[in-house]
Amino acid sequence: QQPVQSPQAVILREGEDAVINCSSSKALYSVHWYRQKHGEAPVFLMILLKGGEQKGHEKISASFNEKKQQSSLYLTASQLSYSGTYFCGVKGSQGGKLIFGQGTELSVKP
Amino acid sequence: GAVVSQHPSWVICKSGTSVKIECRSLDFQATTMFWYRQFPKQSLMLMATSNEGSKATYEQGVEKDKFLINHASLTLSTLTVTSAHPEDSSFYICSATGTSGRSYNEQFFGPGTRLTVL
Chain A
1 QQPVQSPQAV
11 ILREGEDAVI
21 NCSSSKALYS
31 VHWYRQKHGE
41 APVFLMILLK
51 GGEQKGHEKI
61 SASFNEKKQQ
71 SSLYLTASQL
81 SYSGTYFCGV
91 KGSQGGKLIF
101 GQGTELSVKP
Chain B
1001 GAVVSQHPSW
1011 VICKSGTSVK
1021 IECRSLDFQA
1031 TTMFWYRQFP
1041 KQSLMLMATS
1051 NEGSKATYEQ
1061 GVEKDKFLIN
1071 HASLTLSTLT
1081 VTSAHPEDSS
1091 FYICSATGTS
1101 GRSYNEQFFG
1111 PGTRLTVL
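Chains as they are written, first to last, in this note's numbering: chain A, 1 to 110; chain B, 1001 to 1118.
Don't take every hint at face value.
[Stated by the list, open to error] Simulated pairs of lysine-lysine, BS3-like, Cα-Cα distance not exceeding 27 Å:
hint, chain 1, residue 1, chain 2, residue 2
1, A, Lys-37, B, Lys-1020
2, B, Lys-1055, A, Lys-97
3, A, Lys-97, B, Lys-1014
4, B, Lys-1041, B, Lys-1055
Keep in mind that the hints were calculated from the coordinates and are not lab data. These numbers come from a predicted model, not from an experiment.
Whole structure, please, built from the sequences with the hints as guidance.
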C-alpha cells in the first residue's frame, strides 16, 4: 500500500526550512528518501532502518518513528539545488519491495 | 560502488514494435531487480520484481505477456515491451538489491529509459 506524503508541494525562499512527512498504514522495516529532478532518475538521499533512528547529511536529515510508522525529512537553510520532487519509499521487510509515496514537489526561489 | 546502468537511455519506436531495455549491476551481484514505470508528474509505480533464475512477480494490473522480464544472471535483467502502443510511452527505471554491504538494504536505481511510442 502506497505511503502518504505531505505536503504535496511547497515553495520556499532560499535559506528557509522545510519538513516533508511520510506516513504508512503498515509496519515498516525501512524508509528510503530520494530526490528527483525533472527528466532524471531519483537520487538516493538516505535510508532509515527500524529502530527509531535519525540520520543527517549536511543540511538534510530525517527521522523514523517505527511505532507511528512515520518518517520526516528535514531540509534546513534550503538552497536552490534542493528544488525537485522528493519521494519516500517504504519496505515492510528487508527483502520486500520498495513502494513509493506520491511525491512532494519542492521549489526553492532566490 | 553499487552502480546500476540502463540501456538505452531513450528510445523512440513505432506502434506495434517490441522494445528491449537492459538493466545491469556493474559492481555487485543483484539477486533481486525491480522494474518501475513513471508517467509525467506521477510517482514511481512498481511493475514487477525479479529474482535471478526465477520468473518475475508482477504487480496487480501489469500484463506479464506484454512486459516480459528476464533475469538470467546476477548482473543483468531485461524488460521487453511487446507490441508497444502510445500509452506505453513512459519513463522506465530499474533498481537492484544484493546480498551484502550497502546493497543488502539499499535499492540502487539505474538512470532510467525514456520510451516514446509513435
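Exercise. Could you work out which earlier hints the structure fails to respect and list their numbers in ascending sequence?
Key: 3 and 4
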